[in-house]
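Chains A and B supply the protein sequences, listed in that same order.
Heads up, the first sequence is in our numbering, so the first residue is 507 and it goes up one at a time.
Heads up, the second sequence is in our numbering, so the first residue is 9 and it goes up one at a time.
The reader is advised that the hints may include incorrect statements.
Unchecked claim - Within a straight-line C-alpha distance of at most 16 Å, the following computed EDC-like cross-link-like pairs (lysine to aspartate or glutamate) qualify:
hint	chain 1	residue 1	chain 2	residue 2
1	B	LYS477	B	ASP436
2	A	LYS573	B	ASP391
3	A	LYS570	B	ASP417
4	A	LYS733	B	ASP391
5	A	LYS570	B	GLU421
6	A	LYS742	B	GLU293
7	A	LYS733	B	ASP343
8	A	LYS733	B	ASP338
9	A	LYS570	B	ASP92
10	A	LYS573	B	ASP92
11	B	LYS392	A	GLU732
12	A	LYS535	B	ASP69
These are calculated hints, taken from the structure and not from any lab test.
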Amino acid sequence: MSSVYAALFFLATIVLVLGLARKIAQYAKAPAPLKIPTTPAPVTQTGVVLRMFREVVFFESLFKSTKWTWVFSWLFHFGMFLVLLRHLRYFIDPVWLPIQLIQPFGKYAAFAMVVGLAGLLIRRIFVDRVRYISAPSDYLWLLLLIAIGVSGAMMTFVIHTDVVAVKQFFTGFWTFSIGDLPMDPVLLIHLTLVAVLMILLPVSKLLHIPGIFFSPSRNQVDNPREKRHLVEWARKLEDS
Amino acid sequence: MAKAEFKAPELSEYIEVPDLVEGTMEHITCFVAKPEHQEALGFPGEKTENWKEVAIDKMGDLLSRYRSFRVYLDACVKCGSCTDKCHYFLGTQDPKNMPVGRQDLLRKVYRRYFTFAGKYFPKLVGAVDLSEEIVDDWYSYFHQCSQCRRCSVFCPYGIDTAEISMAAREILDAIGIGQKYCNEIIGKVHTIGNNLGLPGPAILDTLEGLEEDVWEETDVAVKYPLDVKGADILLVTPSADFFAEPHVDGLIGYGKVFHEAGVSWTLSTTASEAGNFGMFIGSYENMRRVSLRIRQAALELGVKRIIFGECGHAWRIAYSFLNTLAGPFDFLDPDYPVPQHICEFTLNEIEQGTLELDKSGNDEMSITFHDSCNVARASRMGDKPGGQFEIPRKVIKAVVNNYHDMEWDTIHERTFCCGGGGGILTDDLMEVRVKGAKPRMSALKNVMEEKGVTHLAAICAICKSQFTKVFPYYGMDMFMIVSVHQLVSNAIVMNRKTPPEDAPGYGEDDDE
Numbered sequence: 507m508s509s510v511y512a513a514l515f516f517l518a519t520i521v522l523v524l525g526l527a528r529k530i531a532q533y534a535k536a537p538a539p540l541k542i543p544t545t546p547a548p549v550t551q552t553g554v555v556l557r558m559f560r561e562v563v564f565f566e567s568l569f570k571s572t573k574w575t576w577v578f579s580w581l582f583h584f585g586m587f588l589v590l591l592r593h594l595r596y597f598i599d600p601v602w603l604p605i606q607l608i609q610p611f612g613k614y615a616a617f618a619m620v621v622g623l624a625g626l627l628i629r630r631i632f633v634d635r636v637r638y639i640s641a642p643s644d645y646l647w648l649l650l651l652i653a654i655g656v657s658g659a660m661m662t663f664v665i666h667t668d669v670v671a672v673k674q675f676f677t678g679f680w681t682f683s684i685g686d687l688p689m690d691p692v693l694l695i696h697l698t699l700v701a702v703l704m705i706l707l708p709v710s711k712l713l714h715i716p717g718i719f720f721s722p723s724r725n726q727v728d729n730p731r732e733k734r735h736l737v738e739w740a741r742k743l744e745d746s
Numbered sequence: 009m010a011k012a013e014f015k016a017p018e019l020s021e022y023i024e025v026p027d028l029v030e031g032t033m034e035h036i037t038c039f040v041a042k043p044e045h046q047e048a049l050g051f052p053g054e055k056t057e058n059w060k061e062v063a064i065d066k067m068g069d070l071l072s073r074y075r076s077f078r079v080y081l082d083a084c085v086k087c088g089s090c091t092d093k094c095h096y097f098l099g100t101q102d103p104k105n106m107p108v109g110r111q112d113l114l115r116k117v118y119r120r121y122f123t124f125a126g127k128y129f130p131k132l133v134g135a136v137d138l139s140e141e142i143v144d145d146w147y148s149y150f151h152q153c154s155q156c157r158r159c160s161v162f163c164p165y166g167i168d169t170a171e172i173s174m175a176a177r178e179i180l181d182a183i184g185i186g187q188k189y190c191n192e193i194i195g196k197v198h199t200i201g202n203n204l205g206l207p208g209p210a211i212l213d214t215l216e217g218l219e220e221d222v223w224e225e226t227d228v229a230v231k232y233p234l235d236v237k238g239a240d241i242l243l244v245t246p247s248a249d250f251f252a253e254p255h256v257d258g259l260i261g262y263g264k265v266f267h268e269a270g271v272s273w274t275l276s277t278t279a280s281e282a283g284n285f286g287m288f289i290g291s292y293e294n295m296r297r298v299s300l301r302i303r304q305a306a307l308e309l310g311v312k313r314i315i316f317g318e319c320g321h322a323w324r325i326a327y328s329f330l331n332t333l334a335g336p337f338d339f340l341d342p343d344y345p346v347p348q349h350i351c352e353f354t355l356n357e358i359e360q361g362t363l364e365l366d367k368s369g370n371d372e373m374s375i376t377f378h379d380s381c382n383v384a385r386a387s388r389m390g391d392k393p394g395g396q397f398e399i400p401r402k403v404i405k406a407v408v409n410n411y412h413d414m415e416w417d418t419i420h421e422r423t424f425c426c427g428g429g430g431g432i433l434t435d436d437l438m439e440v441r442v443k444g445a446k447p448r449m450s451a452l453k454n455v456m457e458e459k460g461v462t463h464l465a466a467i468c469a470i471c472k473s474q475f476t477k478v479f480p481y482y483g484m485d486m487f488m489i490v491s492v493h494q495l496v497s498n499a500i501v502m503n504r505k506t507p508p509e510d511a512p513g514y515g516e517d518d519d520e
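Same shape as in the complex, but just chain B:
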């Protein structure tokens, strides 16, 4: 693929609402899924011959199955409240990246085929016939939405563009034009068990490597168990945690916390993926199939609790949907929420006093925290609304001395998406990712200049991967992004010593 030719936008001190420039992102298309990727998920392999009919039928089907879709298509009054809220609009100036502009790509077709006004007075209400060009627009612009829900915070009717994007992608899948990135990955989860397609032996190898690293660093034999039957806790974490920096440093941190807390835990090859791209393509059936792997793993291993590692959209599905998709979890210990977030677990241990923490382990850093969009606006932690903001910050503040928040209108429920969520984290959408990161980069740069912040902590695999790639475009160091449990790992004092025979490689022949 030719290297995309575009320039990263200039960062500004405040969020500036740009003028409209039509068509700036019209040229964006991501790779279309191959027939085998489509068919593995139950979609037609190629664009169907009667695609118009199929698309309209699918729209009708979704209208009858999703109240959100029906109400949101009807209720919009075009007040403009959402128009300056999307990071992709702010970074690209393209009006079809305004939330309502994006919705209208679908709404104008809905009006034409499903409403009285659109059937008889199409020009009056901006209704149009479905055409080749419109499908092209759908494919382009519904893959420039990260389903981050920032627009839904500011809509007087709570219209959530994520719901519209999911429906649009489902319609596109139904006519045989799926996105390669998402559909290929979902296929890997169905067959192998995780997004990266890592087989069991590869995971085992990684975990053994981690045990050795931690042993060398601490002289404590921290275990990173896989498929251990009878463990109390099943940890489900994004597969990136087995694979790359800074994700893997977070995984090291989870293991240290579990070790010091003295609980028994395990990972699972069956459920070696917290992420669930079924949501990105709006497919309840695929989302359910992916979720059921977690139920299956929990049953097979006989665990009592399920804990999720650091992942944003994954936590939305875990917190908000897992009980629906793969419940009821009445076979687990009722004293704990199902599932729990690793930050909930760690904060609880900190508050119980089971962990000894030495903040000086992070003194070379000054931290700010990025609220991942789907954690912030589509889930919760703890038992109070807003716990998803407080709990990760409490964990961070317990392990670092230097912490500063970014501007109030760029964090908490108003947080900006990293620019890579919702099925956008692919190289063929790099221009969208870089430009969409602009508002977050602006807020970060400000807090770096004003407060001397050096690192950005996050609890989402997508955010971490996205920032690693995007920082250099804005002249920042790619290693500025850190996992929250990496910070915990740096500060935790390993007090539970282990017998020598637990050490990695103990008893093996060393004389070679």
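This is chain A alone, in the form it adopts within the complex:
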């Protein structure tokens, strides 16, 4: 059974890395022929980096828009971010000091994550505008993430699993000397769902993760009068 999971995670990692790389290459290769930053926009590259930072870390535009969605999605994303950082301890040895320090926060961040997701799910069901735009996959993503969060939190707070064995399994994974995975149902569910998420990410709306960095309305410098912007296919029009 351990080798089945090893194979699953091997596959999931390959799909995630290659799938994302393919998408990122596609975004990078598609030219942006016109300057379309949503203004007021930064007039320097440094300004653009700061704008992107505010967008990615604080969800600035969402904050301007609707406070409830902002609260729930920020709880979810930053809960998950802390949880992911905490999970590094299962992959590295020795565990870096910062990862040791966030351990207590990382444990409880699971609650923030699940509460945020639940809020988003309730909003999706009860706000008529959001319900109208939701496809089945939109609900399933929330349910999948909630299930991952709940199963993970259960192992931290209710039914512990043998984390030392889990760590041996994943650290061994990189050297192809996999250990035995504990056969706890909660752990197996948790890992299966995570693998599903990794495999589906590159073909789903989770592409907003790389997408935001390529969004021309957010990543362009507002300097069209000072600097001529011209992409290759547009240059060809001039030559013809």
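Please build the complex by placing chain B on the supplied structure of chain A, with the hints as guidance.
Here is chain B on its own, set in the frame of chain A:
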């Protein structure tokens, strides 16, 4: 055409988010372009036989040429942030007028033909086959978007429905179903030089008339020159400025400012249009062709600077795209930005102290300012972000005593579109225009009741035309809309007197 049967919505005190009512605007269709209008722009004259294939191919082509299109179709998580931001949704309750609802009309087809999930699990991700009904929906709802970008301000990924609308219209043009209003007008610019199809002699006649009017009013011979070689400044202004109130009052104002500033300037028949409807239909090639007329005029006349008159989408293209489409402008004076906005020019003169202004000239009015959508969210003035909000307000405040802003969440980057931008300003879309104006009308009505505002100033030809038409539907006076340079014109003191022989008609035989 039968008069459209619809009622203007009731105005509310605050922006209320309405409940959804499906299909309220499904019946909207604007006139389809005739074969000759289509073919003049390089599009098929009629719906092509293999339209499905052509549409999907065109979508693929756009995906490879526009990063915005590709990223925006993928990145949406359906968070709902944009759902209550579009003025057309707020005025019509139709869910397909929510920005994401509108995008999804295209996204569901993109997913079906271009994504793994949509190819193999279409029901799961809401992907559908391209069909006759979908093309009808595209034609209807992508002509209910003014490309105002309000949704893009609030989207956590900056998804801009304008980009999707432009792509959709480009696909529709590619299968032979273009919009009459936009495509006919673009054809006029290609052949005659402006949206209204005014030939050179008609413009000359108008300008001579203006010279006489200003002479009678001020006893100063202000010139409105056309095609003058060797002038320093080429003024490119929307052709509505030659044609109708209140636009033409703005043009009078530009001339007075140039006169008092003591600069030499000219208009051009070749470039007698600031607007560029090529953007509305998403056609880079047509947008470029229209822009090149301005470069050509600047070269032929040998000017040193280019200044744009009051026009919203035009200023977006001028500020953000002109250098790309028709640059480089290395033959112009490098000491000035290319192009400059007339408000930038006027404010600079005000700050230099070259203009004497008497605010009492506008005392019978109390003014508020409408931030035109494409100036606000797709361009800039001055050298600091947000100059597009500050500079026109500074100009207005220098020439009026009574000024009040509308509510903070309806101005600046959150401004509401007038309801007529982006190729919607046509009588066959009057219902869309009236209902889409609701949020702006609400904010205006509030500031009228609370602060006693009497007039709305704008710097966009589309906004001015739209408000003139739409005000009466809301029980307001159509002359409430004024040009910013009309206010300048009312306040400016004409100190540079001219010799008698400069007066219009001087030396002509008057004894008839």
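Would you mind confirming whether the straight-line C-alpha gap from A:LYS573 to B:ASP92 stays at or under 16 Å?
With a Cα-Cα distance of about 13 Å, the restraint between A:LYS573 and B:ASP92 holds, given a limit of 16 Å.
Are the Cα positions of A:LYS570 and B:GLU421 separated by 16 Å at most?
Within the cut-off at roughly 11 Å; holds.
Pair hint A:LYS742 and B:GLU293, alpha-carbon separation not exceeding 16 Å
Given that 16 Å is the threshold and the Cα spacing comes to 12 Å, the pair holds.
Does the structure keep B:LYS392 and A:GLU732 at a Cα separation of 16 Å or less?
holds (13 Å)
Between A:LYS573 and B:ASP391, is the straight-line Cα distance small enough, at 16 Å or below?
Distance of about 32 Å is beyond 16 Å: violated.
Taking only the CA atoms, is the gap from A:LYS733 to B:ASP338 under or equal to 16 Å?
Holds: A:LYS733 and B:ASP338 sit about 12 Å apart, inside 16 Å.
Run the distance test for A:LYS570 versus B:ASP92: straight-line Cα separation, threshold 16 Å.
It holds: about 13 Å lies between the C-alpha atoms, which stays within 16 Å.
Given the hint that A:LYS535 pairs with B:ASP69, test it: the Cα-Cα distance must not exceed 16 Å.
Satisfied, since the Cα-Cα distance of roughly 13 Å is no more than 16 Å.
16 Å Cα cutoff - pair A:LYS570, B:ASP417
Roughly 10 Å between the alpha carbons, so the hint for A:LYS570 and B:ASP417 holds.
Regarding the pair A:LYS733 and B:ASP343, is the alpha-carbon distance no greater than 16 Å?
Holds, because 14 Å separates the two Cα atoms, which is no more than 16 Å.
Does the structure keep A:LYS733 and B:ASP391 at a Cα separation of 16 Å or less?
holds (14 Å)
Quick one, are B:LYS477 and B:ASP436 close enough, alpha carbons at most 16 Å?
holds (13 Å)
Figure legend: structure checked against the earlier numbered hints; the only hint not met is number 2.
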